[in-house]
Amino acid sequence: MRFLKSIWSWFDDVTGVSSWLIPLAKHPVPHARKSAWFYVLGSATLFVFIVQIVTGIALASAYVPSAGQAYQSLTFISGTHFGSIIRGIHAFGASAMVILIGLHAIRVYLWGSYKYPRQMGWLTGVALLFLVLGMAFTGQLLRWDQTGVWSVVIAAEQAGRTPFIGHWLARFILAGDTVGGATLSRFFALHVFFIPALIFFFLGFHLYLVIRNGISEPPQVGRPVDPKTYRAWYSDLLHREGVPFWPDAAWRDAVFGLLVIGTVVVLAITVGPPALGRPPDPSIIQASPRPEWYFLWYYALLSVIPRWSETYVIILGPLLLAVVLVLLPLVAPKGERSPFKRPWAFGIVAFIVWMIAYFGTLGRLAPWSPRLNAPPLPASVVGATSGSVADGAKVFHDKGCEFCHKISGYGGIRGPDLTYAGDRMTPAQMETRIYSGATNMPSYNGNITPQQLSDLLAFLASRRRRPAPPTSANAAAK
Amino acid sequence: MTTDIERASECAACDETRRRFLSRLTMMLGSIVAAIVAIPCVGFLLGLRKVPRVWRTVGKLNDFQVGSTVNVAFLDSSPLPWAGVTARNAAWLRRISTTDFIAFSVNCTHLGCPVRWLPTANLFMCPCHGGVYYANGDVASGPPPRPLRRYPVRVQTDEVQILASPVPITTEKI
Ligand code: FES
Numbered sequence: 001m002r003f004l005k006s007i008w009s010w011f012d013d014v015t016g017v018s019s020w021l022i023p024l025a026k027h028p029v030p031h032a033r034k035s036a037w038f039y040v041l042g043s044a045t046l047f048v049f050i051v052q053i054v055t056g057i058a059l060a061s062a063y064v065p066s067a068g069q070a071y072q073s074l075t076f077i078s079g080t081h082f083g084s085i086i087r088g089i090h091a092f093g094a095s096a097m098v099i100l101i102g103l104h105a106i107r108v109y110l111w112g113s114y115k116y117p118r119q120m121g122w123l124t125g126v127a128l129l130f131l132v133l134g135m136a137f138t139g140q141l142l143r144w145d146q147t148g149v150w151s152v153v154i155a156a157e158q159a160g161r162t163p164f165i166g167h168w169l170a171r172f173i174l175a176g177d178t179v180g181g182a183t184l185s186r187f188f189a190l191h192v193f194f195i196p197a198l199i200f201f202f203l204g205f206h207l208y209l210v211i212r213n214g215i216s217e218p219p220q221v222g223r224p225v226d227p228k229t230y231r232a233w234y235s236d237l238l239h240r241e242g243v244p245f246w247p248d249a250a251w252r253d254a255v256f257g258l259l260v261i262g263t264v265v266v267l268a269i270t271v272g273p274p275a276l277g278r279p280p281d282p283s284i285i286q287a288s289p290r291p292e293w294y295f296l297w298y299y300a301l302l303s304v305i306p307r308w309s310e311t312y313v314i315i316l317g318p319l320l321l322a323v324v325l326v327l328l329p330l331v332a333p334k335g336e337r338s339p340f341k342r343p344w345a346f347g348i349v350a351f352i353v354w355m356i357a358y359f360g361t362l363g364r365l366a367p368w369s370p371r372l373n374a375p376p377l378p379a380s381v382v383g384a385t386s387g388s389v390a391d392g393a394k395v396f397h398d399k400g401c402e403f404c405h406k407i408s409g410y411g412g413i414r415g416p417d418l419t420y421a422g423d424r425m426t427p428a429q430m431e432t433r434i435y436s437g438a439t440n441m442p443s444y445n446g447n448i449t450p451q452q453l454s455d456l457l458a459f460l461a462s463r464r465r466r467p468a469p470p471t472s473a474n475a476a477a478k
Numbered sequence: 001m002t003t004d005i006e007r008a009s010e011c012a013a014c015d016e017t018r019r020r021f022l023s024r025l026t027m028m029l030g031s032i033v034a035a036i037v038a039i040p041c042v043g044f045l046l047g048l049r050k051v052p053r054v055w056r057t058v059g060k061l062n063d064f065q066v067g068s069t070v071n072v073a074f075l076d077s078s079p080l081p082w083a084g085v086t087a088r089n090a091a092w093l094r095r096i097s098t099t100d101f102i103a104f105s106v107n108c109t110h111l112g113c114p115v116r117w118l119p120t121a122n123l124f125m126c127p128c129h130g131g132v133y134y135a136n137g138d139v140a141s142g143p144p145p146r147p148l149r150r151y152p153v154r155v156q157t158d159e160v161q162i163l164a165s166p167v168p169i170t171t172e173k174i
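Protein chains in written order, with my numbering: chain A, 1 to 478; chain B, 1 to 174.
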């Protein structure tokens, strides 16, 4: 014991660690009382980031960042017991980071903590938010299955909409003319070296600013920020009722951090890592690429906005978001911090959360996507096994109608549900629609024989709430 | 030594000039070093590999029936040795007569998803946002802004060949 002590005092003497570490750990923070648990979100994001580094290094020790072999190396990693758990932690950790950094940003916004003197704290945080989203996107890509490959193509097409440099940008993302050997290496370097380096830089800056400007005190109605007096008032507050960060505040960070990381690990073990899709072979055209949940809302948003606005949204949307986030602390550096005096802040947060939840759910459903794997309608639904109704049901499937129109629970939801089409439209109306098409429906003029058409119309006309003679098969289906 | 100090203190103004010169020199040298390293790195990263396009055989003439549209796979123009399956590319190939073929790019002109040919419906459909194209590649409905891109095809003696081309970016001029 004495020996260890003497080693420590030698080490401390030559490094001076305790002279800065101890004051740092014990620096006073405002006594947050009831609000204290709101302060754990930033530290939890940091803890999960550390988990991501550790699991990322573990994965990188076996992952082969080669376009031709990454998939096999991931199959190998997933095949080992611990490898699968580590992949799970890394994937759920990514989700946790996106959620936590989002919640942290919401907390800081609602509490007006971005106001003087913490504007740079907010701005570095905005940079970190975008970098984390960049990590999430590139990370999903490194899974390098079919979805990974098509995500690159879709990203390139979106970038291609940029004026002037679109062409170059698209080719830059693909790292060439097509997806190929160079593509993955580039995203690997981004995900593993470039973005993390930027994160370290901004994170260091962010933490330094937290120490320099102090953690913001819980806002109070009627206590606006005045840049002229704030610093003096804040240091006075710390004098009066500050508590040392370590351990008075740190224990909550530890409890919440443990909770978050524990959840991530439990999910990794019980649910497991995201399954690998088909191999990254661009010639396999059976693909329906979908983004991860954190970008699903964006995918849905792009799918439902009016078509003319699409390019503007793709290019200006993210840009506008960045501009708004950057301008926020610059245009509103002082005044009331309490959200009760800034009710629109609640409104904005509610809107963002609603948008992500609503469009995220919509994206999962993807009503605009045809269900190309819809099976032919079973006889129980058709209500006939021969004759024009049965033939018409076959036409309904073969001509692709069913991929977009649902009948009795079968088929897609892009177009109207036709379960009771016979009640709503006359055969003449149907015929017109089939021939003319619509914005989202192809015209079948010249693409359907008279026989097929009359069968199809007979079938559709038989789609009624009360079928003329209810067959037993129909009753069984209900 | 003392003389140096004396001389320095004698001329505070010279010190000032000398220091300004030295700090500018240091910063300039630093920038030069940064540029020396940055130029090749950035040039390497931003430079795009230009590869000549090559014709790839996708099958024998007799493999294809007149009127049918099939999915064919072929290699990129210049696959890197480690590209593996990612060097593969696909097209929808239709034989329209004994001698003529059409090859459609599989990439939807909306956002690049792989479209599928539905032989009975005589349509191409896109799984991403439901774009539909007629058999000739024209847009039938949905978000795609323009017809499916076509790749050059030729018949060399007995072999059907497609010109391995870049992934079409919709906004690019052809
Ligand atoms: S990518 Fe084909 S419809 Fe959007």
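Just so you know, not all the hints are guaranteed correct.
Stated by the list, open to error - Calculated pairs, SDA-like style, for lysine to any residue (alpha carbon to alpha carbon, straight line, at most 25 Å):
#1 B:K60 to A:A182
#2 A:K406 to B:R116
#3 A:K406 to B:P119
#4 B:K50 to A:F346
#5 A:K26 to A:H239
#6 B:K50 to A:F172
#7 A:K334 to A:V210
#8 B:K50 to A:K394
#9 B:K50 to A:R161
#10 B:K50 to A:S283
#11 B:K50 to A:K334
#12 B:K60 to A:I165
#13 A:K394 to B:K60
#14 A:K394 to B:G67
Just so you know, these hints were derived from the structure itself, not from any lab.
Tested hints:
1. B:K60 to A:A182: violated (31 Å)
2. A:K406 to B:R116: holds (20 Å)
3. A:K406 to B:P119: Roughly 21 Å between the alpha carbons, so the hint for A:K406 and B:P119 holds.
4. B:K50 to A:F346: Between B:K50 and A:F346 the Cα gap is close to 52 Å, so the pair fails against 25 Å, i.e. violated.
5. A:K26 to A:H239: With a Cα-Cα distance of about 13 Å, the restraint between A:K26 and A:H239 holds, given a limit of 25 Å.
6. B:K50 to A:F172: holds (12 Å)
7. A:K334 to A:V210: With Cα atoms ~18 Å apart, A:K334 and A:V210 stay inside 25 Å; holds.
8. B:K50 to A:K394: violated (49 Å)
9. B:K50 to A:R161: holds (22 Å)
10. B:K50 to A:S283: Holds, at roughly 22 Å.
11. B:K50 to A:K334: Not OK: B:K50 and A:K334 at ~54 Å, beyond 25 Å, violated.
12. B:K60 to A:I165: Since the Cα atoms of B:K60 and A:I165 sit roughly 41 Å apart, the hinted pair is violated (cutoff 25 Å).
13. A:K394 to B:K60: violated (34 Å)
14. A:K394 to B:G67: holds (22 Å)
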